[in-house]
Amino acid sequence: MWVWFHKLGSPKYFWGFSQRLLPWLGALTALSFLAGLALALVFSPPDYEQGETVRIMYIHVPAAMMSMLVYVVMAVAGAILLIWRMKMAEMVAAASAPVGASFTLLALITGSLWGKPMWGTWWAWDARLTSELILLFLYLGYMALYNAIEDRRSAGRAAAVLALVGVINIPIIHYSVEWWNTLHQGPTTQGVRVAGSIHPSMRWPLFTMMIAFNLFYALVLLKRVRCLILQNEKDSAWVRELVSEK
Amino acid sequence: MNLFEVTRRMLRRDLLLAYRHRGELANPLVFFLIVVSLFPLSLEPDPRLLATIGSGVIWVAALLATMLSLDAMFRPDFEDGTLEQLMLSPHPVALLVLVRVFAHWLVAGLPLILLSPLLAMLMNLPGEALPALLASLALGTPVLSLVGAIGVALTVALRRSGVLLSLLVLPLYIPVLIFGARAVTDAAAGLPWSGPLLFIGALLALALTLAPLAIAGALRISLE
Numbered sequence: 001m002w003v004w005f006h007k008l009g010s011p012k013y014f015w016g017f018s019q020r021l022l023p024w025l026g027a028l029t030a031l032s033f034l035a036g037l038a039l040a041l042v043f044s045p046p047d048y049e050q051g052e053t054v055r056i057m058y059i060h061v062p063a064a065m066m067s068m069l070v071y072v073v074m075a076v077a078g079a080i081l082l083i084w085r086m087k088m089a090e091m092v093a094a095a096s097a098p099v100g101a102s103f104t105l106l107a108l109i110t111g112s113l114w115g116k117p118m119w120g121t122w123w124a125w126d127a128r129l130t131s132e133l134i135l136l137f138l139y140l141g142y143m144a145l146y147n148a149i150e151d152r153r154s155a156g157r158a159a160a161v162l163a164l165v166g167v168i169n170i171p172i173i174h175y176s177v178e179w180w181n182t183l184h185q186g187p188t189t190q191g192v193r194v195a196g197s198i199h200p201s202m203r204w205p206l207f208t209m210m211i212a213f214n215l216f217y218a219l220v221l222l223k224r225v226r227c228l229i230l231q232n233e234k235d236s237a238w239v240r241e242l243v244s245e246k
Numbered sequence: 001m002n003l004f005e006v007t008r009r010m011l012r013r014d015l016l017l018a019y020r021h022r023g024e025l026a027n028p029l030v031f032f033l034i035v036v037s038l039f040p041l042s043l044e045p046d047p048r049l050l051a052t053i054g055s056g057v058i059w060v061a062a063l064l065a066t067m068l069s070l071d072a073m074f075r076p077d078f079e080d081g082t083l084e085q086l087m088l089s090p091h092p093v094a095l096l097v098l099v100r101v102f103a104h105w106l107v108a109g110l111p112l113i114l115l116s117p118l119l120a121m122l123m124n125l126p127g128e129a130l131p132a133l134l135a136s137l138a139l140g141t142p143v144l145s146l147v148g149a150i151g152v153a154l155t156v157a158l159r160r161s162g163v164l165l166s167l168l169v170l171p172l173y174i175p176v177l178i179f180g181a182r183a184v185t186d187a188a189a190g191l192p193w194s195g196p197l198l199f200i201g202a203l204l205a206l207a208l209t210l211a212p213l214a215i216a217g218a219l220r221i222s223l224e
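Residue numbers (the numbering used here), protein chains in the order written: chain D, 1 to 246; chain E, 1 to 224.
Bound-form chain D, shown alone (with noise of 0.2 Å):
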């Protein structure tokens, strides 16, 4: 296994393997998100107390979790750059930035629309709200040093750093903004507990959507990666053999 996963680190090989995926995993994104906001907005039931409103979750949960895993990837991408000197893994962390930043806007939009009916408030200083905002602010800042710097190589690495030290930081920042809003008694947050306590009529399109979610997630990180393996590799003869013959 490990074996095929080295040779992913070429970025032909990669190329190859991609376009052979990316039909199926195109069919399969589109497949479970029609199932996932079928499910989401005419197959399940409104809450109890927010009504309709809930149907956000479907969409605010797993921007957020996508939000958090798409960091841990650019980080473990920049520790595998830094390591093992793979250029794959320098186009994955690249390309997943952007994405990984909408993302978590996305979660901080959905969840601002979500606060307004649910708390009466468009913004509230609690835990987990504040921590997303400063994980946006570390995406930027992995964007912004990431394009600041010349050299591509260079480029690559430095973001790797950044994003290595961020990675550590994310549990220090979150709890400890958790420990300080505690004792500030902040709005009742309402917590989703995914696992444990929440409604089968809600686990599953909610579950549905998560897997859509990823599956975009995946679906874009390869499309943007071909496009930074095309712009990177421009002068190797594979390339544009493959451009001149199009």
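Hint data in this document are derived by calculation from the structure and do not stem from the laboratory.
Among the hints, erroneous ones may be present.
Claimed, not checked - Straight-line distance between alpha carbons at most 25 Å, and here's what the computed SDA-like set of lysine to any residue pairs gives:
hint : chain 1 : residue 1 : chain 2 : residue 2
1    : D       : Lys12     : D       : Trp238
2    : D       : Lys7      : D       : Ile80
3    : D       : Lys7      : D       : Ser18
4    : D       : Lys87     : D       : Trp4
5    : D       : Lys87     : E       : Ala216
6    : D       : Lys87     : D       : Pro98
7    : D       : Lys12     : D       : Arg224
8    : D       : Lys87     : E       : Leu223
9    : D       : Lys87     : E       : Glu224
10   : D       : Lys234    : E       : Glu224
11   : D       : Lys87     : E       : Arg220
12   : D       : Lys116    : D       : Leu39
13   : D       : Lys223    : D       : Asp151
14   : D       : Lys7      : D       : Ala155
15   : D       : Lys87     : E       : Leu213
16   : D       : Lys116    : D       : Ile198
17   : D       : Lys223    : D       : Ser10
18   : D       : Lys116    : D       : Pro45
19   : D       : Lys223    : D       : Trp24
20   : D       : Lys12     : D       : Met1
21   : D       : Lys87     : E       : Leu158
Stated by the list, open to error - Which chain D residues stay away from chain E? Per the calculated CB distances, all over 10 Å, these:
hint : residue
22   : Trp4
23   : Trp123
24   : Arg157
For every residue, glycine included, the Cβ atom is placed at its ideal position computed from N, Cα and C.
Go by the hints and put chain E onto chain D.
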């Protein structure tokens, strides 16, 4: 040359260089003072309001003052080539970098701590808050120097890195800010304040051990 000798020479060099530019040492201090003064000027100088926001204001001003002084850590050496020579040294770069950050803290962080009682008086903080302010700054400013040094090392090769450095470093400063301001607020309210202080101590331990490695790695990347 053993490591103790290396440390001594590096420290002596950095402090001597800082002394030769001693006119510039006052700049972060004056900034600290001015920023804190901006709050009573912009809001009502009501003593109770100032006492309420004082801990946060002083800590945020300390954060910003530290950030402004960070650039001087590596940029002059980068520009004249000394940094590359340091990287080529047979001694562990992490140690050299740690000494550099310590020198920076002596020159930029320690004066902030010494000025803070004056600012506490300006913001009408009660006397009980003063030990907490001094202790939290004493533990927190080294963390700010260490984590800030990572940001400087990542951006030292860029021409205009000022705002970018702030963008990178401020989110990483947030935990220190939270616990530092919390310690002072709790002390002012007469509550026990050792908890936040212990957290800052933990952050300091983490930064002391890991930051030099990150800084050395970042410098290597910036210089290639």
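Hint-by-hint comparison with the structure:
| no. | hint | in the structure |
| --- | --- | --- |
| 1 | D:Lys12 - D:Trp238 | holds (8 Å) |
| 2 | D:Lys7 - D:Ile80 | holds (14 Å) |
| 3 | D:Lys7 - D:Ser18 | holds (13 Å) |
| 4 | D:Lys87 - D:Trp4 | holds (16 Å) |
| 5 | D:Lys87 - E:Ala216 | holds (22 Å) |
| 6 | D:Lys87 - D:Pro98 | holds (19 Å) |
| 7 | D:Lys12 - D:Arg224 | holds (15 Å) |
| 8 | D:Lys87 - E:Leu223 | holds (20 Å) |
| 9 | D:Lys87 - E:Glu224 | holds (17 Å) |
| 10 | D:Lys234 - E:Glu224 | holds (23 Å) |
| 11 | D:Lys87 - E:Arg220 | holds (18 Å) |
| 12 | D:Lys116 - D:Leu39 | holds (24 Å) |
| 13 | D:Lys223 - D:Asp151 | holds (23 Å) |
| 14 | D:Lys7 - D:Ala155 | holds (24 Å) |
| 15 | D:Lys87 - E:Leu213 | holds (23 Å) |
| 16 | D:Lys116 - D:Ile198 | holds (22 Å) |
| 17 | D:Lys223 - D:Ser10 | holds (16 Å) |
| 18 | D:Lys116 - D:Pro45 | holds (21 Å) |
| 19 | D:Lys223 - D:Trp24 | holds (13 Å) |
| 20 | D:Lys12 - D:Met1 | holds (18 Å) |
| 21 | D:Lys87 - E:Leu158 | holds (23 Å) |
| 22 | Trp4 | holds (29 Å) |
| 23 | Trp123 | holds (17 Å) |
| 24 | Arg157 | violated (5 Å) |
Hint 24 alone, counting from the list given before, is not met by this structure.
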